[in-house]
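Participant: Spelled out from the first residue to the last, the chains are:
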Amino acid sequence: MNDDDDLTDPLLSLAQKIAEGSAVNPESEKEAAPDDTSRATLESLLEIAAISAAHRDTEHRFGTALTGAPNEPRYWGHLIILETIGSGEFGDVYRAHDTRLQVDVALKLSSVAAARSGEASRVLDEARLLAKVRHDNVVRVYGADQKQGRVGLWMDLVQGQTLEELTKSQGFSEREAINVGIELCRALAAVHRVGVLHGDIKAHNVIRQDGGHYVLVDFGAGRPLEATPEAGRDVIGTPVYLAPEVLEGQPRSTASDIYSLGVLLFHLVTNDYPVYAASRLAFIEAHRTGTPKRLRDLRPNLSDGFVALVEKAVSTNPAERFGSAGALQGALVKLVSPPPTAPMAPIDVAPLPTRRVPLGWTAWALIGAGVGGAAWAATSTWRANGNAPPLVATVAATTPPIASAGDSGVRSYDIEAAFYRIRSGDEEQLTSTSRLRVEDELRLSIQTTVPAYVYVVNEDEKGNAFLLYPLPNGSLARPVPANQPVRLPAEDNWRVDSVGDKEHFLVFASIDPLTAFDEIFKKLPAPERGQRKPPAVKLPSETIDTFRGVGGLAPTQPRRDIGARFRDLFTTPLEGRETTQGMWVRQLTIANPPD
Amino acid sequence: MSGSDPAVGHVNELSRRFGFHLEQWTRGRTPDWARDTFDPSDVVKDTLLEVVREEDAEPSRDEALLLRLRRTLYENVRARLRRARPGRLTAGSDDADCPEPPLHDARLGPELFRRYEVALTRLDPADREAVIARGELGLPWPEVADLLDKSSVAAARLSVSRALVRLAREMSHERRR
Numbered sequence: 001m002n003d004d005d006d007l008t009d010p011l012l013s014l015a016q017k018i019a020e021g022s023a024v025n026p027e028s029e030k031e032a033a034p035d036d037t038s039r040a041t042l043e044s045l046l047e048i049a050a051i052s053a054a055h056r057d058t059e060h061r062f063g064t065a066l067t068g069a070p071n072e073p074r075y076w077g078h079l080i081i082l083e084t085i086g087s088g089e090f091g092d093v094y095r096a097h098d099t100r101l102q103v104d105v106a107l108k109l110s111s112v113a114a115a116r117s118g119e120a121s122r123v124l125d126e127a128r129l130l131a132k133v134r135h136d137n138v139v140r141v142y143g144a145d146q147k148q149g150r151v152g153l154w155m156d157l158v159q160g161q162t163l164e165e166l167t168k169s170q171g172f173s174e175r176e177a178i179n180v181g182i183e184l185c186r187a188l189a190a191v192h193r194v195g196v197l198h199g200d201i202k203a204h205n206v207i208r209q210d211g212g213h214y215v216l217v218d219f220g221a222g223r224p225l226e227a228t229p230e231a232g233r234d235v236i237g238t239p240v241y242l243a244p245e246v247l248e249g250q251p252r253s254t255a256s257d258i259y260s261l262g263v264l265l266f267h268l269v270t271n272d273y274p275v276y277a278a279s280r281l282a283f284i285e286a287h288r289t290g291t292p293k294r295l296r297d298l299r300p301n302l303s304d305g306f307v308a309l310v311e312k313a314v315s316t317n318p319a320e321r322f323g324s325a326g327a328l329q330g331a332l333v334k335l336v337s338p339p340p341t342a343p344m345a346p347i348d349v350a351p352l353p354t355r356r357v358p359l360g361w362t363a364w365a366l367i368g369a370g371v372g373g374a375a376w377a378a379t380s381t382w383r384a385n386g387n388a389p390p391l392v393a394t395v396a397a398t399t400p401p402i403a404s405a406g407d408s409g410v411r412s413y414d415i416e417a418a419f420y421r422i423r424s425g426d427e428e429q430l431t432s433t434s435r436l437r438v439e440d441e442l443r444l445s446i447q448t449t450v451p452a453y454v455y456v457v458n459e460d461e462k463g464n465a466f467l468l469y470p471l472p473n474g475s476l477a478r479p480v481p482a483n484q485p486v487r488l489p490a491e492d493n494w495r496v497d498s499v500g501d502k503e504h505f506l507v508f509a510s511i512d513p514l515t516a517f518d519e520i521f522k523k524l525p526a527p528e529r530g531q532r533k534p535p536a537v538k539l540p541s542e543t544i545d546t547f548r549g550v551g552g553l554a555p556t557q558p559r560r561d562i563g564a565r566f567r568d569l570f571t572t573p574l575e576g577r578e579t580t581q582g583m584w585v586r587q588l589t590i591a592n593p594p595d
Numbered sequence: 596m597s598g599s600d601p602a603v604g605h606v607n608e609l610s611r612r613f614g615f616h617l618e619q620w621t622r623g624r625t626p627d628w629a630r631d632t633f634d635p636s637d638v639v640k641d642t643l644l645e646v647v648r649e650e651d652a653e654p655s656r657d658e659a660l661l662l663r664l665r666r667t668l669y670e671n672v673r674a675r676l677r678r679a680r681p682g683r684l685t686a687g688s689d690d691a692d693c694p695e696p697p698l699h700d701a702r703l704g705p706e707l708f709r710r711y712e713v714a715l716t717r718l719d720p721a722d723r724e725a726v727i728a729r730g731e732l733g734l735p736w737p738e739v740a741d742l743l744d745k746s747s748v749a750a751a752r753l754s755v756s757r758a759l760v761r762l763a764r765e766m767s768h769e770r771r772r
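These protein sequence lines map, in sequence, to chains A and B. Mapping to our numbering: the first sequence position 120 is 120, numbers consecutive. Take the position in the second sequence, starting the count at 1, then add 595; the result is the number in our numbering.
Incorrect hints may have been included.
Claimed, not checked - Keeping only pairs whose Cα atoms sit at most 25 Å apart, straight-line, the calculated SDA-like set for lysine to any residue is:
hint : chain 1 : residue 1 : chain 2 : residue 2
1    : A       : K168      : A       : S253
2    : A       : K293      : A       : Y273
3    : A       : K17       : B       : V606
4    : A       : K17       : B       : R709
5    : B       : K640      : A       : G143
6    : B       : K640      : A       : K293
7    : B       : K640      : A       : F90
8    : A       : K30       : B       : K640
9    : A       : K132      : B       : V606
10   : B       : K640      : A       : T162
11   : A       : K30       : B       : E706
It is worth saying that the hints were derived from the structure and are not from the lab.
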């Protein structure tokens, strides 16, 4: 029998129904068979139809649904679904509990339909991109998997409000927008550094955590920088935030991420967008022929510098935008550098302060060799005025990792640092709720996974600075050894012997010696054992410009009129363990509120 | 395997194209008594990796991709079932009569599956792939067209329909033996 003899209409018609997954009525199909041979084949086709239907039915019988029995937890893999916190085109986002890590997480889970079509693989792509990025301002991914017919990724549960919610509810001042911009530039620089484009920077995708930290989330539109999408296939994102060249079909780039960030800054201070249209073509037309809304028209009181910065970021021509996230960050930092309150002198000729130095530091020497090795003796006292208010430690500001002068910026290492207060023999880690008193002693505990050069600087609100570490003639080898807790100072504590205004403690760590900074640090006075601490000096503007020039921040020429100090560059709190590259800088700010 | 291993990209690509459907197929071949003993998604992942490694080791294999996937998955499911309950598939149980991991549907007996599997082996590879792609896995038509090297979805539909008729004919012959 020839194959084609069997391919008569009734058989082929039934086979087509099976192939399409359509319902089949066995009785009516049997009646259509013209002869016994065809009838036998047709009966087998009906058996195939039953097998095929059973295959399709497994989805329903074995369940891809997350719903469990009433009052029983719903599971996806080892995650317990707690509640739905968002929905999207490809699925839902849940608050879930990771039963292995014992933490609550955000679970982004595809729908079964998206998994069936293969579209859900984008969730895995997103997870892979996120896994490349390690940064305080970028949401951290824990894992990704394909289970129960769905694709999912689980990550940090970032609790707070989106910038979109905040923009609508309260709006942003220029200063607040700048702070947001600085943090997002850090995030974006970290993202770009590992060869990833975010692709959808917008107010909805940035969350201000309850502690005031900004976190970039949702890499669903991201892709590797080196990917070469087909022409016109890279128009992904939110139209009001999309750069004009992307709307016209050119591939996305770091410049298009910069554009989106510029739009975000525009949006924060105006609750509006530079360009708005009803369709993609209308957007293109508006960019080509229309005039973008001017920031100045919407918020006349904005500073010239901020307006110029935002308009540069959202330039139609990508070449006219900031060349990198770091460049944009540098420009933002410049905007918030405070004007000088008095002429600044170079460090080596700085006049000694004539007013009270708010916070005095004294090294406590270990004299225990002859007294059992455990006794600590005061060698000086807090030099304070009598009505000094108590101190309240608050964690504030600092910076992301930036490459050090001698480092390529590509080596990663883990670092953990914390200040401890010693009072009456008890140690307590300094937190935002800690309070300091005269006679308190402090030390820093630091641990790194590579040998690191560490510096600790104290600076007051007026710019007076001390070098707390390294101490002159200190016995601890430099760099400090890796993979063990190291206390600084090695054999002493710092002792609070005066109380004053707000104080900032900056901790620097670097894989390589910071040759350029060494010279600066050497000029700072340091407390010595058995002596009252020397008077502090102000940091000159050149110091700050040196910092900017090292590690990829926006280079600037030294300017005498820059009043910025160390602390103005850094806004990341000193807390917890993290992974970093090159130079790491964190700050602890202690406020001295009046009683 | 490391992240830079090309095999990782290959596995990811196969997972994107077939992962969901292979997992459903595996669920269908997992008896109720074995459902808590292994995770179908893990079997699929192991299978994808195994197939990619086989291909790396012997790139000139003359077996269509989907057939290799199905065969390897089939063997892996059987192995898991054996480990889950030794002897269950060899004697003394309902499943012992069925040499293949059963597709659990009360209306379908093991004899039907035996004839189906035997008939499937008698088809030429292209027809076999067509039946598996659409009849078993329910892959989307564009994917089926791509697998069968057809220029259009319509052409793929016709190929699958013809393959199903040929399969039915083989099953009919097997019934008469």
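Participant: Each hint should be assessed against the structure and marked as holding or not.
Facilitator: Checked hints:
Pair hint K168/A plus S253/A does not hold up; C-alpha atoms about 29 Å apart against a cutoff of 25 Å. Among the hinted pairs, K293/A with Y273/A is consistent with the structure: their alpha-carbon atoms are about 7 Å apart, no more than 25 Å. Taking the CA atoms of K17/A and V606/B, the gap is about 33 Å. The hint is violated against a cut of 25 Å. Under the criterion of a C-alpha separation no larger than 25 Å, the hint pairing K17/A with R709/B is consistent with the structure, at around 23 Å.
Distance restraint check for K640/B and G143/A: the Cα-Cα separation of roughly 16 Å lies within the 25 Å cut-off, and the hinted pair is therefore satisfied. Among the hinted pairs, K640/B with K293/A is inconsistent with the structure: their alpha-carbon atoms are about 52 Å apart, more than 25 Å. The straight-line distance between the Cα atoms of K640/B and F90/A is roughly 22 Å, inside the 25 Å bound, and the hint therefore holds. Between K30/A and K640/B the CA atoms are separated by roughly 42 Å; this puts the pair beyond 25 Å, and the hint is violated.
For the hint pairing K132/A with V606/B, the CA-to-CA distance comes to about 19 Å; that is within 25 Å, so the pair holds. Among the hinted pairs, K640/B with T162/A is inconsistent with the structure: their alpha-carbon atoms are about 37 Å apart, more than 25 Å. In summary, the hint linking K30/A to E706/B is supported, as the alpha carbons are separated by about 22 Å, within the 25 Å threshold.
Hints 1, 3, 6, 8 and 10, counting from the list given before, are not met by this structure.
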